[in-house]
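The lines below spell out each chain.
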Amino acid sequence: MLPLVLLAQVSCKIYDDEDSLQEPAYMVVQQTYRAYVDDLFRMVELADFYRSYREIWQDREASMQLADSYFPEGRVSEDGLYYEMADVSGWGVIKAGNDGTYTIKSYGDYSCYVFRNYYGYESMNYEVTVSADGYFSIKSVDPEDDAGNDSILKIEAKARCADGNVIIEECNIVSDFCNIVSVADKPLVRKRVTPSGTAYNADSGSLSYSYSDKSGVNDAFVLGFHADHVSIERGSSVVKCLLLNEVERSVDYVISD
Amino acid sequence: MNAFERTVLLLTMTLAGFVSAAAHPRDRGFELRRHELTVSAGICPGRYAFGYNHTTPFSHSTLSGAYEMAKYYENEFISGAWSMGYTYNFTKLLAVQANISYEEGWIDRFRRSDGGLSAKSDDMYLSALAAFKVYWFNRPCVRMYSHIGLGISFNRYYNDPIEALGQGERVFKLVPAWQIAPLGIMVGRKFFGFAEIGIGTCFAGGSVGIGYRF
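Top to bottom, those sequences are chains A and B. The opening residue of the first sequence carries number 1 in our numbering; numbering runs sequentially from there. The opening residue of the second sequence carries number 1001 in our numbering; numbering runs sequentially from there.
All clues given are correct.
Stretch-level coverage of chain A by chain B, calculated; a stretch enters the list once three of its residues show a Cβ under 8 angstroms from a Cβ in chain B:
| hint | segment |
| --- | --- |
| 1 | 22 to 31 |
| 2 | 215 to 225 |
Computed Cβ-Cβ distance ranges for the label pairs, DEER-style:
| hint | chain 1 | residue 1 | chain 2 | residue 2 | range |
| --- | --- | --- | --- | --- | --- |
| 3 | B | Gly1205 | A | Tyr15 | 13 to 21 angstroms |
| 4 | B | Gly1115 | A | Val181 | 36 to 44 angstroms |
| 5 | B | Pro1176 | A | Cys12 | 19 to 27 angstroms |
| 6 | B | Gly1116 | A | Thr101 | 58 to 66 angstroms |
| 7 | B | Gly1205 | A | Ser20 | 25 to 33 angstroms |
| 8 | B | Phe1154 | A | Ser11 | 13 to 21 angstroms |
| 9 | B | His1060 | A | Gly235 | 27 to 35 angstroms |
| 10 | A | Ser20 | B | Leu1117 | 16 to 24 angstroms |
| 11 | A | Gly197 | B | Thr1062 | 29 to 37 angstroms |
| 12 | B | Ser1113 | A | Ser11 | 20 to 28 angstroms |
Straight-line alpha carbon distances no greater than 35 angstroms define the calculated DSBU-like cross-link-like pairs of lysine-lysine that follow:
| hint | chain 1 | residue 1 | chain 2 | residue 2 |
| --- | --- | --- | --- | --- |
| 13 | A | Lys214 | A | Lys154 |
| 14 | B | Lys1173 | A | Lys13 |
| 15 | A | Lys214 | B | Lys1120 |
| 16 | A | Lys154 | B | Lys1071 |
| 17 | A | Lys240 | B | Lys1120 |
| 18 | A | Lys214 | B | Lys1071 |
| 19 | B | Lys1120 | A | Lys13 |
| 20 | A | Lys240 | B | Lys1071 |
| 21 | B | Lys1071 | A | Lys13 |
| 22 | A | Lys158 | A | Lys186 |
| 23 | A | Lys158 | A | Lys191 |
| 24 | A | Lys154 | A | Lys95 |
| 25 | A | Lys186 | B | Lys1071 |
| 26 | A | Lys139 | A | Lys240 |
These are calculated hints, taken from the structure and not from any lab test. From a predicted model like this one, the values you see are computed outputs, not experimental measurements. Ideal placement from N, C-alpha and C gives every residue a C-beta, glycine not left out.
One chain only, chain B, in its complex shape:
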């Protein structure tokens, strides 16, 4: 074997060594569990961020509206955005997730004269989404991922006229639901906690939760 042949053989073996190492990364102790169950809460509920279907029973542009409005006060509530999910991990990199979310916002309007409840406005969403997840960082205790999901929400809302409690027309609709989370992190093994940053109809800002793998 001459010098040229030895050089080619050496380069070939070196290249084969790199390829082999890439194809079979050093085992870092990551254990893939196929199934995950999660419960989470959105920080800044998504529907609240985009606006509920609340309307005011007062006309702000009339004299009578201004005087009527002064006779009542309001308490506004939000339930928060709560989700339950099931994830199936096809591989270390790819997974699909099914999610159910619930969010509600409501306003109680009371008479200033006697504190009696006069009218309510309510907006509720029950959503089902399917999401595609990519785990781009995997260690035994830490995983980082991104996901994008689409789905549908069952929406029910009503706005009572003033002094007509319960008489607001109940409206039922199906509306699109979506959620994008470019950054999520899970910490733990069998039991884990997680946090996400994203925007969508489930949460606008962030989400935190806990989960169980099996």
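Looking at chain A on its own, in the form it has when it is part of the complex:
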């Protein structure tokens, strides 16, 4: 036995993350962006498309050409387009109300644990009002999830589409213990969806985060979007991180200078 134990002391280190910089807020940002902010961009795109479609809806060929020029192939089918509603796979189902507003049931995604204290699939319901100058006012109604969660989640936003971009000028995402608010004069700007694909990361703009939960975690920072990275800013301290696409946990997501 002794020779075996002695041989076994020739051990091998197979993992060491001492030099891996940490920013736990990045996990919160990743989840909230995927579950709620990206969803907002999609709802604006859906409303923008539906508003244009309703002007030509009687021309079926033109309607499908509009859909094919807006979304990637296969997202819209002929039997999903009506004057009263439109179904865009991966975006949601939008319906016209009697008072000129739209209602949207989003396609849905897995929830963010920071907001909902559970992990399950949920889709959001929104009311959308379109102003004469082309602005969309979006307001969440009760979300639907598969676990009967009773925590608070309210989403409000004001956005528009212009020059091939979706611009969220005002944003307010509130839960029991976490707030995400837009920053004045720093609207979120992201490229609009095109037939060749979707965009994910905002190209510019900022969001202000603050949360305080009962376990004692308190944090407040500004999330900045840039062309090649995101920044988490606490006063003069700035941490640069990788873009918010699906980053695996094992990847070093903090960019060291």
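Model the placement of chain B on the given structure of chain A, informed by the hints.
Okay, now just chain B, sitting in the frame of chain A:
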């Protein structure tokens, strides 16, 4: 003796010659030594391949878990899979082997603030196996074989809670052990080296070692 009888006699003698040659193959110089002692190392330890009993002290699905995890870093180690064996060769073809193996994997978790050790996870296996070996290629310097073995492992593991070094519950268990090596090769006479390809709780992939025959 007529032509038919001569033909039968010729065929019979020819057949007897073949049978005799098969029963008594030409001596190729192979010398059977009854006893073998071996020491080997697994390439990709078996228990590591199947997964250790390590658990994380952090809850990945909570806000507090994410912030707690950022305060610590980990170093993970494996000892490798080491074995000692004794083989008794009944014949040139058949043998039995008794093997003892040792493998351990552990994780040290340190505080980022001061580098202090905060918690450990450890998983250790001491195994005893009996294997049945078939040598299907035998030359003076080269033997090729396959073996299959079954046994038992004494397993001890623990996972310290964070900031509770040494306070993780020590768990002791007996678990099955097994090893299959469809292809092995030995090169040498009295002293030899060997390599195997196989899968099991001792090694998953390959194993190399040295041995002594007497």
